[in-house]
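Chemist: Just need the whole structure built from these sequences, with the hints factored in.
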Amino acid sequence: MRIEDFEDIKYEKEENGICTATFSRPERRNAVTYISFLELFYVIEDMEKDKNAKVLIITGD
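Using numbering that gives the first Met the number 0, the letters of the sequence shown correspond one by one to residues 0 to 60.
Read the hints as simulated data drawn from the structure, not as lab findings.
Among the hints, a few may not be true.
[To be verified] PhoX-like cross-link-like pairs, simulated, lysine-lysine; straight-line CA separation at most 25 Å:
{"no.": "1", "residue 1": "LYS12", "residue 2": "LYS53"}
{"no.": "2", "residue 1": "LYS48", "residue 2": "LYS12"}
{"no.": "3", "residue 1": "LYS48", "residue 2": "LYS9"}
[Said to hold, decoys possible] Computed beta-carbon distance windows for the label pairs:
{"no.": "4", "residue 1": "ARG27", "residue 2": "LYS50", "range": "31 to 39 Å"}
{"no.": "5", "residue 1": "LYS9", "residue 2": "TYR33", "range": "28 to 36 Å"}
{"no.": "6", "residue 1": "LYS53", "residue 2": "ARG1", "range": "31 to 39 Å"}
{"no.": "7", "residue 1": "ASN51", "residue 2": "ARG1", "range": "13 to 21 Å"}
{"no.": "8", "residue 1": "LYS50", "residue 2": "GLU26", "range": "33 to 41 Å"}
Note that beta-carbon positions come from the ideal geometry of N, C-alpha and C, so glycine has one too.
Modeler: As C-alpha cells, then:
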C-alpha cells in the first residue's frame, strides 16, 4: 500500500522529524477500522525507515 493511496489517514512529515497521522473520517467520527489500523501500521513502518523521523503525533479531524 502506498501512502498516497491512504483512505482514512493523512500522513505528513516535517523536516524537524515530527510526523503527524491524522484520522480523517469525520462522517464516522473518526471511528477506527481495519483499514485505519493497516494504514497506521504503514505510517509506523515508513517512520522506521526514515532516520530523521523522531516522533509521531496521532490526531483526528
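Chemist: Hint by hint, say whether it matches the structure.
Modeler: Hints and how they fare:
Restraint check for LYS12 and LYS53: the C-alpha separation of about 10 Å stays at or below 25 Å, so the hint holds. Simply put, LYS48 and LYS12 have alpha-carbon atoms about 13 Å apart, close enough for the 25 Å limit, and the pair holds. For the hint pairing LYS48 with LYS9, the CA-to-CA distance comes to about 18 Å; that is within 25 Å, so the pair holds. Look at ARG27 against LYS50: about 35 Å separates their beta carbons, and that is inside 31 to 39 Å.
At about 18 Å, the CB distance of LYS9 to TYR33 disagrees with the hint of 28 to 36 Å. With their beta carbons about 23 Å apart, LYS53 and ARG1 fall outside the hinted range of 31 to 39 Å. Separation of ASN51 from ARG1 is about 20 Å and conforms to the stated range, judged on CB atoms against 13 to 21 Å. Checked against the given bound of 33 to 41 Å, the beta carbons of LYS50 and GLU26, roughly 37 Å apart, stay inside it.
Hints 5 and 6 from the list above are not met by this structure, while the remaining hints are.
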